[in-house]
Amino acid sequence: MASTSELTQHLECYVDTARPPADQAASLNFITSLVNKDLLTIEVLVKEMRMYLTITDNVIRARGILLLAEVLTGLSSKPLDNATIHSLIGFFTDRLSDWRALRGALVGCLALLRRQANAGTVSASDAKVVALSYRENLPVQSLAQQDRKLCFELLECLLQRYPNEVASLGEDLFYAISEAVDGEKDPHCLILAFHIVEVLVQIFPDPSGPLASFCGDLFEFLGCYFPIHFTHLKDEDADVRRDDLSKALMSAFSSTALFEPFVIPLLLEKLSSSLPLAKVDSLKYINYCASRYGAERMAKHAETIWISIKRAISNSLEVPAKSFTSEPLLGLGFQENEIATEALILLQKVTMQNEALFLNLVVRDEDINNVFNSIASHESYTNIPLQGRQSLHAVGRILCIITKTSMASCNRVFESFFPCLMNTLEISMGNSSKDFTLNENSFSSKRFNFGALYLCVEFIAACRDLIMRTNEHAEKFGTADETCCYMLQSSAPTLITTLAKSSNDVVDDADIYFKVKGLQMLVTFPGYFLQTPTAMFENVLKTLMSIILVDFDKSLLWKLALKALVHIGSFVDMDHESEKAQIYISFVVEKTISLVSQDDFNVPFPLKLEAVSEIGASRPNHMLKIVQGLEDAIVANLSKIYVHGDLKSAEKTIQLFECYSNKIISWIDETGGLEEVLYRFVISIWNCVDRCKDSSNQVQDKGLLDATMMAMKLAVGSCSEESQNIIIQKAYGALSSGISIPFKDSMDDSSSVKLENLHLSEQLDKFSLRDEWILSLFASVIIAMRPRTHIANAKGILHLFMTALVKGCTPAAQALGSVINKFGTPSNEVATSTGCTLEEAMEIIFRSKLWNITEDGVLRGSGTSHSSKVGLTELCLGFSSNKLLQVHAITGLAWIGKGLLLIGHEQVKDVTKIILECLLADDRIGDSELRQGLLETSRELPSVMRSAADAFHILMSDSDVCLNRKFHAKIRPLYKQRFFSTVMPILHSLIVKSDSSLSRSMLFRASAHLISNAPLIVILSDAKKLMKVLLDGLSILSEDILDKDKLYSLLLVLSGILTDKCGEEAVLENAHILIDCLTRLIAYPHMMLVRETAIQCLLAMSELPRPRIFPLKTQVLQAIFKALDDPKRAVRQEAVRCLHAWTSIA
Amino acid sequence: MTLGLINANPVVHAKKERVARTEDLHSDVDAAVDPLEIYDFVRDIRDPEHPYSLEQLSVLSEESITVDDKLGRILITFTPTIQHCSMATVIGLCLRVKLKQCFPPHYKVDIKVSPGSHADEESVNKQLNDKERVAAALENPNLRQLVDECLYSSEL
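Here the protein sequences line up with chains A and B, keeping their order. Residues 1 to 1146 (the working numbering) are what the first sequence spells out, left to right. Residues 10001 to 10156 (the working numbering) are what the second sequence spells out, left to right.
One chain only, chain A, in its complex shape (with noise of 0.2 Å):
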């Protein structure tokens, strides 16, 4: 037992309303909890309380009753006896009357009647004893919001939990329902107050009850509420939204169909207000009521809610903004606002509801009627005035979403109306063949019919939209028999013939649109329903075909028409109609692949293409068509180019390269299960280089090259690692065979190693343009392969690439980078697969010294007397005399340091020292030297340090080439951070230190690239240091044409540091150097993007404190005023933006 202290101390402490609310809370819940642990019975706790729950100071005993309250509140679930029940809620229902210390007595009866079943609960006799007491003695409009509320909440949980007693009450519980919530205007309490009624409803379920004679009361107190109308700030009341109220309310307005004659007319009235929220909160109203009420009480209201949904529609229509592009459009592109959408809802809803009510209301319905009769006179789009248009689009929209309701509907609409679009369009509904060319003769000559084309079209995909959504169910076999299927079939031939005939000569966008939608609804209906004939389904594929092959001039045409192609090929075979896939791929797929390897044709290239592609992405089998198609034709360009010399079809072969890279492989890696493909076309392409290795020509095309290794490095990675070994033999045996260096296995022992040397080094100027090639494709295969495939020959790999990147092959290089962030897996198995592990690699790569070099620092092959043995390290601090060596083992140096960084090997640290060293060459040589006349080591000096400078670069950026996710590198997280915080600190003291110019602007060439690829979260957190580097790196990068690409990536970091809130501190203090040097990018000639984001940051800038910047504001001026007159039009609307915003601070 607790000791009587310890409790009398929190009991003061809760009832004392000086003390801070933390401690009362404490204080409660160590009461409780004695409770809940037995140590302290509720009969003590009362006993001890007693003062506080009787005295006659009204703050003194709110607290008290309040804390009573509490505790029982956390007892919810602990059984109590129902004495101990009883007399508690005696109390409490007694207190209801002390309208002083209301709040506790309320909290203490919702605890009571909400407590758990099987822990004791109040009886209903004492229930009904409280609902009593509360109709007496609580006047609820005069409360508080917070006790409001409790009331609300107390009323609502006696009539969810104890209907019965409740109910017993009678007329009183009406009137003191309608009492309470009379008035109420807080979103919280209306939300409960609505669902009161909502309770109060489903307690007196019988019709003919007293509710009935209330219901004009109660919707008294709920009709005043709609529309919901909130004028609530966000932030505020922020737990309660329109949207939540607006639903209550709905819940509430159809919780019994007693409701029906005042809510119907209520909304119908809204419904034709001004105000478009009420309207659309009329459609939902009448949408969810609709339901609720069933279809005999809404059938009364079934002509006044059509008319209302009719006028809603043609009055919410806007001016169209889409034109006829190759989007699915409803109806005639007008944009349909929120109202017009729920009408059309509403639309559907009823009509399934009181489906021949409605329909025959459709049917008669004169404003239909109407357009059908002036039909005739729309001929064609353009001529159509605006409201025609707005009235034809209306019937269409409103007669589709019929169409689609139901089948039955689908008929009455075909009976009703299609008839009479036939004899617009002057079709017959015969079947005979007979009849169709006879009036195909009579076509040619006439324009089409717009008005009655645009609603055909439209009800025939409506009719097709129903059919497909009935496919799942059994119903689908008995539709063939409806009269929409009769009168569709037997007026297809004709109306396809018609539609194919004439989609050549019509020049309006939007006939065109409906044509080709007609002509591919036609054939995509399920066979089951409507079966074209197959010479139909031909003369379709043909006319679509035809505009693929002819008038690829007309681009919407174009794209419509390939659109359709692809739909019907994915259609095609859903039914498994043979027959017809038979006839799409010999038409269209076959012939589609036969315009890629015909030369002689006049369709652009790149439309071939993209014709291919999306021909392809249509089915799974025919992308296996295409594939080989494109395999083919690639391969045939490729021999061509490397083994006849033809170099006329590069540019061919590179979109075809293209093509493949960026579509087919995406559409295969998405689609997945075709990876197979992917592995045969790295095969053929290597059996093609293996075919070529013969001929002497000389091909040097680097897009052709880059677009070749893309593909390759693409589609071997994606390919499983089974393939990948398989893959890799094949290259490595086109390799061995076709690369005029002599390099032989180096498996076992170094004394081959050195002769392997030997023969490299020999080797070292002889590398021709088709070596670069297989090794280019070699090293491709490398870098996009998984980390376990197995390398055959790693060490002689290794160091044929050591050699090549010396030369200045860069995927060599990245291979290198690659392998070596591959191997950097713990996994042991990796390591004996490959025959090589990582430290073998980093000991060929980094120790090995490879290369003599002699005294007068040529680089030799074989060592003569007067030469040492030199490494990659040695070559990168120049060591040789041939500077454009060092620049090679730069930049293959920062290739392998990338893969390094990215698994965070420590190794890094020496690459970055090495790379460093380079970036101050100069400081290194020093003045004496340079002034001695070492003119050349002067001049190549520069494109040196600028290559380290560099290499800063390809560490930090992210590539597209190797060594990302896609060629599955191994990357960890956080790397760039990691790296830029360890490198930013030994560039800041170097800058520091350094006194020659070059070196200096090197040091900040170096910093510009860290910054520009470090995040900017991070950058952000160093502003203040980071800036001045940041300033001095634009004016460097400003000074290259070469350099405009880094140049906007580093402004675009310093726009992010002006637009964010952390930066502002290191904008004020550098705020004039900032100025300068925007000022400055304001006039850069190379590059618009940089212009427009200088314009752009000194806009930020007008924001800055005015003191600040205002003494600015001239020289700010002056340089933007100049943009004014800028040759780009994006770069003056800035510069006006600007000026005006720095204009208006004085």
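Think of the hints as simulated: they come from the structure by calculation, not from any bench. Because the structure is a prediction, the values reported are computed rather than measured. For glycine and all other residues, C-beta sits at the position ideal for the given N, C-alpha and C. One should not assume that every hint holds.
[Stated by the list, open to error] Cβ-to-Cβ under 7 Å is the rule here; a few derived chain A residues that face chain B: (1) GLY216; (2) LEU1124; (3) ASP1125; (4) ARG1129; (5) VAL1136.
Chain A is fixed; fit chain B onto it per the hints.
For chain B alone, coordinates are given in the frame of chain A:
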């Protein structure tokens, strides 16, 4: 006596939809100043009398602007809502100030009322294209405030 509005009941037209330029804003080709660009700057100037833009009152249209980028000449012809509109000069002044802010000074801007649309056509034209008189008008604080209100109004 309170002065009534000069045109108490102007005809208000719908705002035309802003056509997004079809060519890419960031394309490599230099883009010369064209009427649409100028129109985009001036269409939202508010009428001195009514809370409608010049576009809504049909005072201006894209066709009423001609520009010669090579010679650096801009000609704007606007149509006052009624023949004896004394606000015509204010509208002209607004146009001139706006263009001065948006184009470099080497453009020569001519602003005219369209022929036959104003009772005092000649004198209005003269007033609007006289440098001295424009400068003098802008020094008048009341007039200046009216112009600024029209240019930067957010009432529309």
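Does GLY216 of chain A pass the interface check with chain B, least Cβ-Cβ distance below 7 Å? Violated - the Cβ of GLY216 of chain A stays beyond 7 Å from chain B, reaching only about 45 Å at its closest.
Quick check on the hint: ARG1129 of chain A CB to chain B CB, less than 7 Å? holds (4 Å)
Can ASP1125 of chain A be said to touch chain B, with a Cβ gap under 7 Å? holds (4 Å)
Does LEU1124 of chain A hold up as a contact with chain B if the rule is Cβ-Cβ below 7 Å? For LEU1124 of chain A, the interface hint holds, since the closest Cβ of chain B sits about 5 Å away, which is under 7 Å.
Return the status of the interface hint for VAL1136 of chain A: holds when the least beta-carbon distance to chain B is below 7 Å, violated otherwise. holds (5 Å)
In terms of the numbered hints stated before, the structure departs from hint 1 and from no other.
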